[in-house]
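Engineer: Single-letter residue listing:
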Amino acid sequence: MAKSIDVSDLNIYYGDFLAVEGVNITIPQKSVTAFIGPSGCGKSTFLRSLNRMHEVIKGAHVDGKVLVDGNDLYGADMDPVNVRRMIGMVFQRPNPFPTMSIYDNVLAGQKLNSKKMKKSEADTTVERALRQAGLWAEVKDRLDRPGSGLSGGQQQRLCIARAVAVQPEILLMDEPCSALDPISTSVIEDLIHELKTEYTIVIVTHNMQQAARVSDDTAFFNLAGVGQPGKLVESGRTEKIFSNPDNPATEAYIQGRFG
Amino acid sequence: MSSTTEREKEAPRPVRRPGDRIFEALSTSAGILILLTLLGVAVFLTLEGLPGITASADEIGGKTGGKGFFAYVWPLVFGTVWAAFIALIIAVPVAIGVALYISHYAPRRLSSTLGYVIDLLAAVPSVVYGLWGLLFLSRELAPFYQWLADTFGFIPFFAGNPSGGVSANSILTASLVLAVMVLPIITAICREIFLQTPRLHEEAALALGATRWEMVRLAVFPYARSGIVSASMLGLGRALGETMAVAMVLSASGVVTFNLIGSTNPSTIAANIALQFPEAFGTFTNVLIATGLVLFVITFAANFAARAIVERRKDFSGAN
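Residue numbers (the working numbering), protein chains in the order written: chain A, 1 to 259; chain B, 1 to 320.
Be aware that a few hints might be false.
[Stated by the list, open to error] Here are some chain A residues the structure puts well away from chain B; computed CB gaps all over 10 angstroms:
{"#": "1", "residue": "2"}
{"#": "2", "residue": "9"}
{"#": "3", "residue": "256"}
[As the list claims (entries may be wrong)] Interface residues of chain B toward chain A, partial, derived using beta-carbon atoms under 8 angstroms:
{"#": "4", "residue": "209"}
{"#": "5", "residue": "210"}
{"#": "6", "residue": "219"}
{"#": "7", "residue": "283"}
[Said to hold, decoys possible] So the derived label-pair ranges between C-beta atoms look like this:
{"#": "8", "chain 1": "B", "residue 1": "94", "chain 2": "A", "residue 2": "56", "range": "41 to 49 angstroms"}
{"#": "9", "chain 1": "B", "residue 1": "101", "chain 2": "A", "residue 2": "28", "range": "17 to 25 angstroms"}
{"#": "10", "chain 1": "B", "residue 1": "200", "chain 2": "A", "residue 2": "17", "range": "20 to 28 angstroms"}
{"#": "11", "chain 1": "B", "residue 1": "309", "chain 2": "A", "residue 2": "138", "range": "37 to 45 angstroms"}
Because the hints were derived from the structure by calculation, they are not lab data. Note that the coordinates shown come from a computational prediction; the quantities given were computed from them, not determined experimentally. Just so you know, even glycine gets a beta-carbon here, dropped at the ideal spot from N, CA and C.
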């Protein structure tokens, strides 16, 4: 069910402002692709354009193409709601619905997709998703408690469970560990390793070591200066980007000379 | 609570800046003043009302129709709660709808204009609402009430008069006027709370593939639930205590009936006081004040109930 993504000549605008310019990249299926780069380089914006979440901001629009297994996400008959049901997302800060129990949080997406569900089916889905997110053992006795009562790392895994409960084709992660402590971070990184056997994963990270640890491919974004659009500088296998990048800017960033 | 803990904390360190001291004194006295005012009202109502409560029907005289205090106040309590309840049933859904439109659907310019207009509704004096209800609304509603009685007459609420007619100066008209009056406060509070919905939660819903309405249901309403209850209770407080508009619109006869469009309607405590007080003397004055005490207690009870509702779901409130 995992799918690859082909992006060609993508420009992303906020109103008249060109935020990201001319992205061409192929994201292979069932692998982890990391986006790295300094703040404001457009990596998060680009990630959000992959499930049309950038459209939440008024005036945001794109031109170019994003093909998921040949289907254009920005095709005329494509509803952003359907795009987001197919492409899950995990955010920078854990955001379980605070008014819902752990159980209902996991099922939140499911309830949007298919209205009616048998109790046994729902139970199975909740257990599968929580197991996939590595959270089952910790919460199985308190599924009826509010999701907001968990620790930060647990909340983030709950959000991952919520995203994978609907069995999306692609999972987007926008700096999923930046608000977490090192132990929770390592748990989530292990989780990403396991999840890539089933899902295509795209992760934005500020942490280069993290990109090196979790990803198969890496894409480096940069911007020429303030007010300039962000650009994809270089992408390729993670080993290559980290050991022998083609572009001097990539090398400078990897070695910590800026950013 | 916080003032005592602060004082304990400051005990080992006597250094206090004059600005802090002045501000603390000011805010403390403001808080005490509120309590004193409330206490003053309660003491007045109790002292002046007590003779009315304990008096026998004979002592009160003919003004209550030969009834003792409790028999006299019961239809008023019923009318007060019933009118306010209907007003809330009408106003709360409309207020939530308007607030949601302003916060999540309307284009920015329209939403701020609409916000001003709603706030303006709150500035209209209640006498004006009374005039409007009496001279305009009740006339316009009369044919509609007749239709209700003809079509749904089998439901006790819409039974109308035994003769088959309806009265436009009924409790439903009074409740509609009340609904318009409480709409601004409920709308304003709901709007503020809807606007405060964390963007994170909205995005969480949208990223799961929620439509706009599903996002509102998943992220906005649950977050705002306690606020909606509080807003409704503020509205309820206003509806319970509203005097002038009800006194002008309602043709009251002190009965207990669920009939919404008949010509015999229960009065409300506040309207009854306003109408009776100018001619009241002796023990009957005490009876009227005692009804005021009852209203005071009802309002308190409504507020405590609201607190309890909010408190019960605290774990799930989004405030943690």
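Engineer: Compare the structure with each hint and give your call.
Structural biologist: Hint check:
no. : hint                              : in the structure
1   : 2                                 : holds, 18 angstroms
2   : 9                                 : holds, 25 angstroms
3   : 256                               : holds, 31 angstroms
4   : 209                               : holds, 3 angstroms
5   : 210                               : holds, 5 angstroms
6   : 219                               : holds, 7 angstroms
7   : 283                               : violated, 53 angstroms
8   : 94/B - 56/A: 41 to 49 angstroms   : violated, 28 angstroms
9   : 101/B - 28/A: 17 to 25 angstroms  : violated, 45 angstroms
10  : 200/B - 17/A: 20 to 28 angstroms  : holds, 24 angstroms
11  : 309/B - 138/A: 37 to 45 angstroms : violated, 32 angstroms
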